[in-house]
Every structure is written in structure tokens, then in C-alpha cells.
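Chains as they are written, first to last, in the numbering used here: chain A, 5 to 211; chain B, 153 to 318; chain C, 263 to 653; chain D, 26 to 128.
Hints are computed from structural coordinates only; laboratory data are not their basis. Honestly, I wouldn't trust all of these hints.
Label pairs and their in silico Cβ distance ranges [said to hold, decoys possible]:
#1 C:R416 / B:V289: 49 to 57 Å
#2 C:G331 / A:T136: 22 to 30 Å
#3 B:M311 / C:Q287: 37 to 45 Å
#4 B:L243 / C:V299: 31 to 39 Å
Listing some non-contacts, in silico: residues in chain A with all C-beta distances to chain C over 10 Å [to be verified]:
#5 Q35
#6 D184
#7 A188
Beta carbons are placed, not taken as given, at the ideal position from N, Cα and C, and that holds for glycine.
Single-letter residue listing:
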Amino acid sequence: MVGEGILKGMVETARNFLGSYVEKERLTTVQYPEERIPQVEAARNFPFLVYDGPNWQQGMRCVGCQICEKECPPKCIFIEKSKDKKPDAVGKPQFYPAVFNIDISVCMSCQICVEVCPFDAIKMDVEYDLPTDDRFGGLLLNKQKLSKSNEYYHEIHPTEASAVDGALAEERAKVKAAADAKAAAAPAKPLAPATAASPVSPTGETK
Amino acid sequence: MTLTFLILAAITVAGTAAAMGMRNAVHCVLALTVGFAGVAALYLQLDAQFVGLTQIMVYVGAVAILAVFAIMMTHTPAPEQPPAFSSHWILGGLVAAAVFAVLAWAIGSSAVSMQPLPAEPAVGVQQIGAALMDRYVLPLEIMGLLLTAALIGAVVIAMDRKEDRQ
Amino acid sequence: MTQEADQIFVLAKHWLMGYVPAVAQPIASAVLSIVPVLIAFPLLFAITTVLERKGLGRIQNRYGPNRTGPAGFFQPIADGIKSLTKEDIVPLTADQAVHFLAPVLLVVAAFLAYAVLPIGRNMVIVNLNAGVLFFFAVGSVVELSVFMAGWSSRSKYSLLGAMRAIAQMISYEVPLVLASVVVIMEAGSLSTVSIVERQAGYTGIWPHWYLFTPWGLVGFFLFMVAATAESNRSPFDLPEGESEIIAGYYIEYSGFKFALFFLGEYLGMFATSGMAITLFLGGWAAPFSFLTWIPSYIWFFVKLLTLIGFFIWIRGTLPRLRMDQLMNLAWEFILPMALLNMLIAGIWHFMQPGVVRWLVCLAIVAVPCILLRQGLKRRKKFQVRTYRYAD
Amino acid sequence: MSSLQNYLLLSALLFSIGLAGALTRRNAILVLIGIELMLNAANLNFIAFWRYGPNPSALTGIMFAIFSISVAAAEAAVGLAIILAAYRHSRTTDLDRMNSLKG
Numbered sequence: 005m006v007g008e009g010i011l012k013g014m015v016e017t018a019r020n021f022l023g024s025y026v027e028k029e030r031l032t033t034v035q036y037p038e039e040r041i042p043q044v045e046a047a048r049n050f051p052f053l054v055y056d057g058p059n060w061q062q063g064m065r066c067v068g069c070q071i072c073e074k075e076c077p078p079k080c081i082f083i084e085k086s087k088d089k090k091p092d093a094v095g096k097p098q099f100y101p102a103v104f105n106i107d108i109s110v111c112m113s114c115q116i117c118v119e120v121c122p123f124d125a126i127k128m129d130v131e132y133d134l135p136t137d138d139r140f141g142g143l144l145l146n147k148q149k150l151s152k153s154n155e156y157y158h159e160i161h162p163t164e165a166s167a168v169d170g171a172l173a174e175e176r177a178k179v180k181a182a183a184d185a186k187a188a189a190a191p192a193k194p195l196a197p198a199t200a201a202s203p204v205s206p207t208g209e210t211k
Numbered sequence: 153m154t155l156t157f158l159i160l161a162a163i164t165v166a167g168t169a170a171a172m173g174m175r176n177a178v179h180c181v182l183a184l185t186v187g188f189a190g191v192a193a194l195y196l197q198l199d200a201q202f203v204g205l206t207q208i209m210v211y212v213g214a215v216a217i218l219a220v221f222a223i224m225m226t227h228t229p230a231p232e233q234p235p236a237f238s239s240h241w242i243l244g245g246l247v248a249a250a251v252f253a254v255l256a257w258a259i260g261s262s263a264v265s266m267q268p269l270p271a272e273p274a275v276g277v278q279q280i281g282a283a284l285m286d287r288y289v290l291p292l293e294i295m296g297l298l299l300t301a302a303l304i305g306a307v308v309i310a311m312d313r314k315e316d317r318q
Numbered sequence: 263m264t265q266e267a268d269q270i271f272v273l274a275k276h277w278l279m280g281y282v283p284a285v286a287q288p289i290a291s292a293v294l295s296i297v298p299v300l301i302a303f304p305l306l307f308a309i310t311t312v313l314e315r316k317g318l319g320r321i322q323n324r325y326g327p328n329r330t331g332p333a334g335f336f337q338p339i340a341d342g343i344k345s346l347t348k349e350d351i352v353p354l355t356a357d358q359a360v361h362f363l364a365p366v367l368l369v370v371a372a373f374l375a376y377a378v379l380p381i382g383r384n385m386v387i388v389n390l391n392a393g394v395l396f397f398f399a400v401g402s403v404v405e406l407s408v409f410m411a412g413w414s415s416r417s418k419y420s421l422l423g424a425m426r427a428i429a430q431m432i433s434y435e436v437p438l439v440l441a442s443v444v445v446i447m448e449a450g451s452l453s454t455v456s457i458v459e460r461q462a463g464y465t466g467i468w469p470h471w472y473l474f475t476p477w478g479l480v481g482f483f484l485f486m487v488a489a490t491a492e493s494n495r496s497p498f499d500l501p502e503g504e505s506e507i508i509a510g511y512y513i514e515y516s517g518f519k520f521a522l523f524f525l526g527e528y529l530g531m532f533a534t535s536g537m538a539i540t541l542f543l544g545g546w547a548a549p550f551s552f553l554t555w556i557p558s559y560i561w562f563f564v565k566l567l568t569l570i571g572f573f574i575w576i577r578g579t580l581p582r583l584r585m586d587q588l589m590n591l592a593w594e595f596i597l598p599m600a601l602l603n604m605l606i607a608g609i610w611h612f613m614q615p616g617v618v619r620w621l622v623c624l625a626i627v628a629v630p631c632i633l634l635r636q637g638l639k640r641r642k643k644f645q646v647r648t649y650r651y652a653d
Numbered sequence: 026m027s028s029l030q031n032y033l034l035l036s037a038l039l040f041s042i043g044l045a046g047a048l049t050r051r052n053a054i055l056v057l058i059g060i061e062l063m064l065n066a067a068n069l070n071f072i073a074f075w076r077y078g079p080n081p082s083a084l085t086g087i088m089f090a091i092f093s094i095s096v097a098a099a100e101a102a103v104g105l106a107i108i109l110a111a112y113r114h115s116r117t118t119d120l121d122r123m124n125s126l127k128g
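Required output: the full structure, derived from the provided sequences and hints.
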């Protein structure tokens, strides 16, 4: 018959129409602010800074090396390196970023900053609910807003975080072993190894 | 009644004068539709409902659109606008003015034109239809033939033949 | 009681007219007739937009708008506020006057068409002697406003859209008029009121609508297809084709003028649906004789909403046609069918009532359908599509 | 005031405007439109004479106007088709430049 295909199509849409009232599982959309789809583990959108331990200022992994600032394609990262040094998570004195800003209205979520970071200090977040009515200040995240704990990192990306933790622990152990060896070799000068070891980064030995 | 006539006449004359005087051809056609609509309103004013509505349907709905289509299809983006009026526009204008003068003189001096308005004739669409099917059936058939011939003729003339392209 | 409920608006008008001095009687009468139409149909437009969005959503297994107000039914108010407060951008090179006049002309023409639609018993603004002709004459003005919009924007997309729209509207106006000619032939009148009156009356419980005759059925089908194309709705929405020419002729419009285009388009759809109801579905008459106690205007709007629902259903189902398919459908199928339908109406008129009349007319309808099917089968040459990749 | 004379004068004016347009415009399409306008003026005359005539129920004026409108529509269609064909030939619709018999 002429028009058979049209009729079939119309029956199908009618079934969809009526079925969407009867069977809830037909509905493909979720009601966003109330319901959310659980995110897959590989989800990512904007970067954040990881810190170890309870205090975000003390435990910050970032040493202000500015590699990510240089590599960022849209130039959305702004870092001011500190003049002094503070002890980091393992108690070693390090430089730290005095200012660390990311303009997420410019960020394109390319993850290059994460790739280049030698300290595993910057990672990708999954938080996407970031609307604000202040278009300039509201989307410019500062150091405090960017800092999130390692526990949070474990929560959003468990596999990746465990791998990073393992690598970090391994490297710290190596550094510690090297320092211990040096300390054992030169027990006369107790202060020397610390100053000598400080420019060497945890990953420095792998290069 | 008089005021209505004056307003409609003013709209019609303004529309048609603009249609013949404006530079942009599309503006001319758009102004012309105002003139056509004014003439249609005058028909309605004269109790010729059927003719008035046919006028809108044919002139506004078909002829104006056709003219606009023709203008779009023959539009050549020229660097400098050629003058809108012909080189002997004074002569043409004089001829038109002379024609109007003669017609106006003839109308003014004619005794026929002073007739009073008779009572509204009871002429509906049904009477027109009956007349078309009865007394005017031969002209109607000829008109159908003419329109068919015009349709085919227009298509044949405007058809883009392959051998012309070369 | 039912009589009063049926005539409540007419009586209200008469009552109000009692307070108007004799000098202002004609103008007051006109205002009192026009204002309800100016209120009712934009309101229907608002309801239709939300119904359409919800309906399309459900067809696609979505919720549709459900945030603004109860179940999302205040959505049109939010839309209205949004379009009113938006910046009205006019392109720098646009023809300012024509650009402004186009949406105004469209809405005016769309509203004018309601002048001859009988919404209820004794409820029509003017009972013109040539009402149907008036309707189509006003409808042809819409084409002009579409052209004005497309041309004045000085944009390639809008010009393309306008050209498509005009070509489509001209092509489908012919079958639209021809499909309604059968009703005019049978009713012997161009007046919408007398066409509705001809369809009044019942055999048993069944009404005497023109839909329930072979030519009426075919005519209604052809009329609705042409009306869908005439109001630029899916599957004939090529002039707007969001995926090809973004929004067609009104791409350069923003803010309130854009909303006016939307309003004009929907009003045109309601008007053609209303004309279909008047011509084929008995106007304001009840569908069964035992339901005549329900007021006539309610029946009109029930039928109108049914047709609108049908339009939405079609829109949710069918994909957009290609330009050549569109033109082929108009000139190769609908136009010949409309002409044949006139022949059927003539045969029906002059044959004795009975089963034979039905059989003869149905046979004349069936033959072109079978021929069309054969033609479609022959033209349909499916082949395996070969994909080529760059290497 | 609104007598037959006014309609005749208005019609004469429309005719003259159409004539002026047809004689002075350079664009062939606008010349054709001027001719349409002249036909319209004649139609207005027909209707006015029908309305003011002694026997309006004879419908002669109306019939003449209807047939005249049909002829005008046919004329417009064929005329514009000819203009299109001429444009395709000489790439212009300017009547002052369409002056050679040989393409």
C-alpha cells in the first residue's frame, strides 16, 4: 500500500509517546539537578591541585616550577613562584607557588598541564557544576579553590590515584635511600645532604 | 463614503507612483503591491467583492511574486548603478501627462460621468458563477485555453535549454 | 439552557452593544468581534508551543519542558518575556523599512484570515459572500511578507530560505485551492457560514460532514498535505531547514520580531486547520447527534486541537523531504489527484445515492493510488551504497 | 462627490502613471509592470461603469474585469518568461542596452 511506511512510523512514534508515560525506563534523560548520571572513572574537565595530608597549604605538592604555565596552550594558568622555601609533605624545604590561578573560562581541558607536571601535583577534576553569575572573578580559581586533598583524588579517580601514590612512594623511598647513603658517607657534615638534595626533584633521578 | 474613497485613492496613487518612480526594482514591486491592494479595495468599495478578492489573489499573490522572482533571477551586481530612467524620460513623461490631460478633459466634459450611484445591486458570487456557466461559457472556455497556452508557453520560453548555454 | 451556553458570547456582545451610542455602533461591533479573536488565538499559540514541545519530547522519549510552573505550562510566558527583553538586532546592510514591515505584514495577514472562520454558531467576524476566496487571497499575502523578510535581510541564507519558501508556497497553493473546490462545488457557495450549514444535520447519529464522502475524504487528505506544506511544517519545513539554511528567511531576525514570525507561522497553521474544519469537518457541528448539547465553539476548538495534535505527531515522525521530492509530490501527485477529485465530486453529485455510488467513486480513487504505487516501485532503485575513504 | 467622475479620473491617473512608467523606465520588468498597471486602470473603469450603469445585474462589467484579470495574469507570465529568455541571451534587462538584433 501507498503510505504504509508512514503509517508504520506513526505507530512507532505513538508507541513512544504513550510508552513514555507508562514505562519510566523508556525515558532516556535524567532530571539534572536532582538526578545525575554517575560519572565514568576517566571523566575529566578542569585541573586542580593535589595536596597530601590535612593542611592544604602545608601539603601542597606543587613547587611552582611553572612548567604547566609554559605548556598551557590557551595560557590560562598564572603562577608566581615564592621567594622563600617551605617544608613540603615529607618535610623537605621546597619552593611553593605564591599565586596559582587558573581561568577556567579559558581552559580547554586538554590535560597537557597534567602530562607535563613532574610532581604529580596537578590533576583533572570531574566537577562540572560550576555556574556563576560573575563572569570574570567567578571563573578565575585561585590556589585555595584549586587545592583538593589526595583523598578526594582517590575518590574521583581511584585507579589512577593509587598508581600515582605508588610511584611517588617509590621515588620518595629512593630519594630517602640516596640521602641516607650520602648521610652515612659523610656523617661529619650533617647539613650538607639536605641542601644538596633539595634541587633534585623526586622524579629527577628517572631522567 | 467620500472620505473612504479619498483615502483609498491616495493610497493607490501613492503606491503606483512610488512603484514607477523608485530606484530599487524590488522596492518598486513592493510599492506596486500597495497600489494593487488599493485598487482591490476600490473594487470592494464598488460592491464588486469577487473581483476585488480575485485582484488581490492574482496581482498580490501571483503577479507581484512573479515579478519579484524575475528581478531576482535577472539581478546582475553591477559596480555602478545604471540610471533608473531611460534617456528620453522627458518625452515619455510628457506623453503620459498629455494622455492624462486629454482623458481628464474628456471625463470632465462628458455628461455620462455625472450619474448618481444606483442602489446596491444584488449580485453575489452565485450570480457570477451562474453567468459564467451560462451566458459567458464560451469566453470562459477560451480563457481556460488561453491560460493553458500561456502556462505552457511561459515554461517553454523560460526553459534553460542546453544548447543555449554554450 | 444549552441554547444559552451555545450563544453566550453572541448574547454578551448584544448586551454590551446596548450601552454603546448609535454613532459608535458599527465600530464597537467590529471591535467586540475582533478583540476575542486577537486574544483567543495568540493564547492558543502559547498553549500549542508548550504542547508541541512536550509532545515532541514524549515522542523522542524525553520529558520536554517541565520546569516553569506546573508541569512546565508557564513555559510560553517565560519564552515571551525572553523574546521581549532580547536585543533587537537589525543587520547593518539590511533594508530597514522592509525588514521591519515583513513580520508585521505576516502577522496582519495571518490575523485577517480569521475574519471568515466560523468559530461557533453565529460566531464569525464577517460572513462574506466570497469567504473562501477571501481566505485564499489573504493567504497569498503571506508569500509577499516571506519574500520581504528574506530579501531585506541581505543574507544568502535568508534569501535562499525565502526562495524555497515562495516556490513551495506557490506550488502548494494550487492544490490547496483545488482540494477545497470540491466542497465549494457541492455546497454551491463560497461563504464559510453556509458551507458549515450545509454540513449540519444527522443521519441517525452520524453527521453529514463532507469528510464522510469519497471525494471529501480524498479532498481532506490532499488539503491537509497542502496545508502542512503551506504552513512550512515538517516534513515540508525546507524553508526553515535548521540543518541546511539554519532558519531560512528569518535568520536575521531577533528578539520580538523573531517571535512575531513564530506567531505568524502558527497563526497561519491554525487558520488553515480552521479552514479544513470548516470545509470538511462540519465546522462547529458536533460529531454525533447526541453530543449537540456541548456548545459549538467548544467543538470547533476540540477539532482544531485534534488537527494540531496531528500536525505535531506528523512532525515527530517524518523526516524532511528533499526539494525535488517536494515539487514532485505537489505537481505529480497532489495536483492530478485534486483534479481527479473534482471529477469524483461531479460523478457523486449526479449519481443516485446508494452503494453503487460509493463503489464507483472509491474505484476512481483507488486506480491512481495503485498506479502511483506501481510508479513508485519502478522508480525506487535501491542499491548497496559503496563508501569510499581517502587513504 | 464620490461619483463616477472621480473613479474615472482616478483610473485615468493610474493609466497615466502606468504609461509614464512604461515609457521611461529602463528595466524591462518594470516596463511590464507599468503595462499591468494600465490594464488595472482599465479594469477599474469597467467596474465603475458596471456599478454606476443602468443595469448592474447584467454583470457585463464584472465579467469583463474577470477576463481582463485572467488575460493580464497570462500576459505577466509570458512577458516575464520572455524577459528571462532575453536576459539569458544578452545578460541584461536594461532596455537601452538591449539594442542589437544579433546576439
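(message) Flag every earlier hint the structure violates by its number, smallest first.
(response) 3, 4, 5
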